[in-house]
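Residues per chain are reported as follows:
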Amino acid sequence: MQNAATPHSDQCLKLDFPSDNFSVRQALGKVLSLTLSDDEKSVVEIVLAEVLNNIVEHAYQEDPSGHIQLSVDPSDTGLRVLVQDEGLPLPADLPNKQVNYDLTCETGDLPEGGFGWLLVQELTDGLQYERRDGRNILSFQIPKPAEDQA
Amino acid sequence: MQLTYQDGPEARVITVDNSRIDAAIAIKFKDQMRDMTSDGPQRVVVDMTKVDFIDSSGLGAIVAAMKQVPDGRSFELAALSNTVGKVFALTRMDSVFTIHDNVDAALDGGLANAS
Numbered sequence: 001m002q003n004a005a006t007p008h009s010d011q012c013l014k015l016d017f018p019s020d021n022f023s024v025r026q027a028l029g030k031v032l033s034l035t036l037s038d039d040e041k042s043v044v045e046i047v048l049a050e051v052l053n054n055i056v057e058h059a060y061q062e063d064p065s066g067h068i069q070l071s072v073d074p075s076d077t078g079l080r081v082l083v084q085d086e087g088l089p090l091p092a093d094l095p096n097k098q099v100n101y102d103l104t105c106e107t108g109d110l111p112e113g114g115f116g117w118l119l120v121q122e123l124t125d126g127l128q129y130e131r132r133d134g135r136n137i138l139s140f141q142i143p144k145p146a147e148d149q150a
Numbered sequence: 151m152q153l154t155y156q157d158g159p160e161a162r163v164i165t166v167d168n169s170r171i172d173a174a175i176a177i178k179f180k181d182q183m184r185d186m187t188s189d190g191p192q193r194v195v196v197d198m199t200k201v202d203f204i205d206s207s208g209l210g211a212i213v214a215a216m217k218q219v220p221d222g223r224s225f226e227l228a229a230l231s232n233t234v235g236k237v238f239a240l241t242r243m244d245s246v247f248t249i250h251d252n253v254d255a256a257l258d259g260g261l262a263n264a265s
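Just so you know, the protein sequences line up as chains A and B, in that order.
Residue 1 is where the first sequence starts when you use the numbering used here, and the numbers rise one by one after that.
Residue 151 is where the second sequence starts when you use the numbering used here, and the numbers rise one by one after that.
Extracted from the complex, chain A is given alone in its bound form (with noise of 0.2 angstroms):
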């Protein structure tokens, strides 16, 4: 990798792209593209998924034109993340839901869905929605894995 001798809190990411499917696998290359450690990738590649694919499905309804702005800045003590979009609003109760489902009922009636804004609960820090000017501006922190730190 060409830079990977940049420190680490040089590597902040901003990126522009449009709301289609490819464009976020693209986005999300480059966020993987940073120097993290393999428990960071995955950490990051299951929450800006989820996050990123709730845009382009429910803020945006699958419209590709719409527009996503996100930007990454590592920090010693994890990533700190800035999403932005111009599509619906996000459920005004979902930014503070608690995701609870029921696991031992039969195997028939377990949930097939609901996981994706729990997955970003678990694995954030500071969560916050803000809907600004017809903007959704979604900000968290990523922490470091406790075994990657010094």
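Do not rely on the hints blindly, as some may be mistaken.
[As the list claims (entries may be wrong)] Taking lysine-lysine pairs in the DSBU-like style, the calculated list, with each CA pair at most 35 angstroms apart, reads:
1. A:K30 x B:K178
2. B:K217 x A:K97
3. B:K217 x A:K14
4. A:K41 x B:K180
5. B:K180 x B:K217
The hints are simulated quantities; they were obtained by calculation from the structure and are not laboratory data.
On the provided structure of chain A, position chain B as indicated by the hints.
Leaving out everything else, chain B in the frame of chain A:
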């Protein structure tokens, strides 16, 4: 979406040849799984070795695939990657599925002892 299977005396091993199970292939995954789990050996082990990543839609498809398996048949998973294992653990789905370290462990000797 690419699934293949091989039958041994004890189990049908279904191999997933995709590196990702996500929204793009979730429905095909579920449909192909329905075909592959409706007959053959009673025990089904899904080899996930090649799957690097699943998202919430992929997890939903795997749960749906398990739910549609006829009564009396198993639907077990083997060889989850670090990332895939994390998704199962965080959603507590690891408590619902039988998960093996690898296919050999699942079969305790492998398919090789077929006659």
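Against the structure, the hints come out as follows:
no., hint, verdict
1, A:K30 x B:K178, "holds, 28 angstroms"
2, B:K217 x A:K97, "holds, 27 angstroms"
3, B:K217 x A:K14, "violated, 42 angstroms"
4, A:K41 x B:K180, "holds, 27 angstroms"
5, B:K180 x B:K217, "holds, 10 angstroms"
Hint violations for this structure: number 3 only, all remaining hints satisfied.
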